[in-house]
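Q: Read off the chains here:
Protein chains: 2
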Amino acid sequence: MLYETTNPPFIKMLRNLLEILDKGAQFADSKKIDMEVLLHSRLAPDQFPLTRQIQIACDTAKLCAHRLTGKEVPSHADNEKTFGDFKARIESTISILEKFSAADYKGAETKHITQPRWEGQYLTGEEYVLHHAIPNFYFHVTTAYSILRHNGVEIGKKDYLGKLPLKK
Amino acid sequence: MLYETTNPPFIKMLRNLLEILDKGAQFADSKKIDMEVLLHSRLAPDQFPLTRQIQIACDTAKLCAHRLTGKEVPSHADNEKTFGDFKARIESTISILEKFSAADYKGAETKHITQPRWEGQYLTGEEYVLHHAIPNFYFHVTTAYSILRHNGVEIGKKDYLGKLPLKK
Chain A
36 MLYETTNPPF
46 IKMLRNLLEI
56 LDKGAQFADS
66 KKIDMEVLLH
76 SRLAPDQFPL
86 TRQIQIACDT
96 AKLCAHRLTG
106 KEVPSHADNE
116 KTFGDFKARI
126 ESTISILEKF
136 SAADYKGAET
146 KHITQPRWEG
156 QYLTGEEYVL
166 HHAIPNFYFH
176 VTTAYSILRH
186 NGVEIGKKDY
196 LGKLPLKK
Chain B
36 MLYETTNPPF
46 IKMLRNLLEI
56 LDKGAQFADS
66 KKIDMEVLLH
76 SRLAPDQFPL
86 TRQIQIACDT
96 AKLCAHRLTG
106 KEVPSHADNE
116 KTFGDFKARI
126 ESTISILEKF
136 SAADYKGAET
146 KHITQPRWEG
156 QYLTGEEYVL
166 HHAIPNFYFH
176 VTTAYSILRH
186 NGVEIGKKDY
196 LGKLPLKK
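The listed protein sequences derive, respectively, from chains A and B.
Each residue of the first sequence is one higher than the last, beginning at 36 in my numbering.
Each residue of the second sequence is one higher than the last, beginning at 36 in my numbering.
Keep in mind that the hints were calculated from the coordinates and are not lab data.
A quick note: this is a predicted structure, and the numbers were derived from the prediction, not measured.
One or more of the hints may lead you astray.
Simulated restraints on C-beta separations [as the list claims (entries may be wrong)]:
| no. | chain 1 | residue 1 | chain 2 | residue 2 | range |
| --- | --- | --- | --- | --- | --- |
| 1 | A | L98 | B | G191 | 16 to 22 Å |
| 2 | A | E126 | B | Q150 | 30 to 36 Å |
| 3 | A | G119 | B | V72 | 37 to 43 Å |
Simulated crosslink set (SDA-like; lysine to any residue; CA at most 20 Å straight-line) [as the list claims (entries may be wrong)]:
| no. | chain 1 | residue 1 | chain 2 | residue 2 |
| --- | --- | --- | --- | --- |
| 4 | A | K192 | B | L98 |
| 5 | A | K202 | B | Q61 |
| 6 | A | K146 | B | L201 |
Cβ coordinates follow ideal geometry from the N, Cα and C atoms, glycine included.
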């Protein structure tokens with residue numbers, strides 16, 4: 036169940052984020068401003084800029100897969116500079132996530148998940164997904180979207196949600 | 036599975052939203068501004084203000100429960116005016132959600148879910164939760180948070196996530 040609720044949805048949303056960022060780049064281009072202006076924009080002076088929102092969305096998805104399955108994942112140095120670097124970071128995260136299968140998540144629900152800041156305490160895999168990974172992941176994707184929206188980029192809820200698998 | 040991924044997490048996040056709004060009200064009070072100024076703030080001129088973000092977060096959670104289970108839910112007229120009205124809207128939504136149990140969601144995964152704007156097309160219950168309800172719900176809670184954060188309210192990720200059920 037934890038594979039279905041995290042892996043394919045996170046991949047989909049990261050793809051949507053790539054499209055949203057492309058619309059940001061087209062907007063910057065049309066206004067003759069550097070995309071870096073948007074990448075370093077933020078909604079509040081003490082909140083992370085778009086650059087960090089992208090990095091944390093990627094890491095939330097990647098570390099969720101790693102923690103639930105125990106499978107190792109490549110680390111990223113958070114040294115992206117250009118728009119191309121940030122797109123590559125998202126694409127790299129997507130390809131890492133795509134290497135996981137539902138079978139890797141067997142037993143993940145009851146696994147003990149911890150991280151240094153929890154000082155020896157843990158959540159079960161299911162609690163970690165519902166209380167931490169999902170709310171955090173959508174928070175950072177939404178905030179990335181909102182930073183661009185706030186700067187005038189013409190994006191809407193459809194860009195955020197992406198295509199729905201509607202059937203007749 | 037769809038009960039666990041939507042009902043208790045949405046209740047928790049709506050409670051967190053109440054706390055976040057209370058911090059907004061304290062901020063407004065300390066700055067001697069009317070809370071309505073914050074309620075009518077938005078991140079972009081053509082994006083919904085805080086009032087609608089609250090209403091849509093509530094409706095996304097309530098309609099998700101209704102659509103997955105087929106159980107009727109009270110309607111809300113979207114006529115809230117005061118800060119107290121908006122808090123009552125969230126509290127009402129929480130108490131509606133609390134009336135649902137895991138048993139109500141039996142068979143929800145494969146149920147056909149539709150809405151007028153989908154023009155006769157449908158998603159399965161599981162697709163609806165993963166592609167629509169979850170991303171939308173967290174989008175509106177995050178955007179409500181971001182509108183306040185953008186206006187200077189001192190809130191952080193901890194307020195958004197709420198308490199984690201950490202264990203030793």
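Q: Determine for every hint whether it applies to the structure shown.
A: Status of each hint after checking the structure:
Range check, L98 (chain A) to G191 (chain B): Cβ separation about 20 Å, and the 16 to 22 Å hint holds. In this structure the supplied range 30 to 36 Å holds for E126 (chain A) paired with Q150 (chain B), their Cβ-Cβ distance being about 33 Å. Taking 37 to 43 Å as the suggested C-beta distance range, the pair G119 (chain A) and V72 (chain B) conforms, at roughly 41 Å. A distance of roughly 18 Å separates the Cα atoms of K192 (chain A) and L98 (chain B); the hinted pair therefore holds under the 20 Å criterion.
About 47 Å separates the Cα atoms of K202 (chain A) and Q61 (chain B), which puts this hinted pair outside 20 Å; it is violated. Our distance criterion of 20 Å between C-alpha atoms is met by K146 (chain A) and L201 (chain B), whose separation comes to about 13 Å.
The structure does not agree with numbered hint 5 stated previously, though it agrees with all others.
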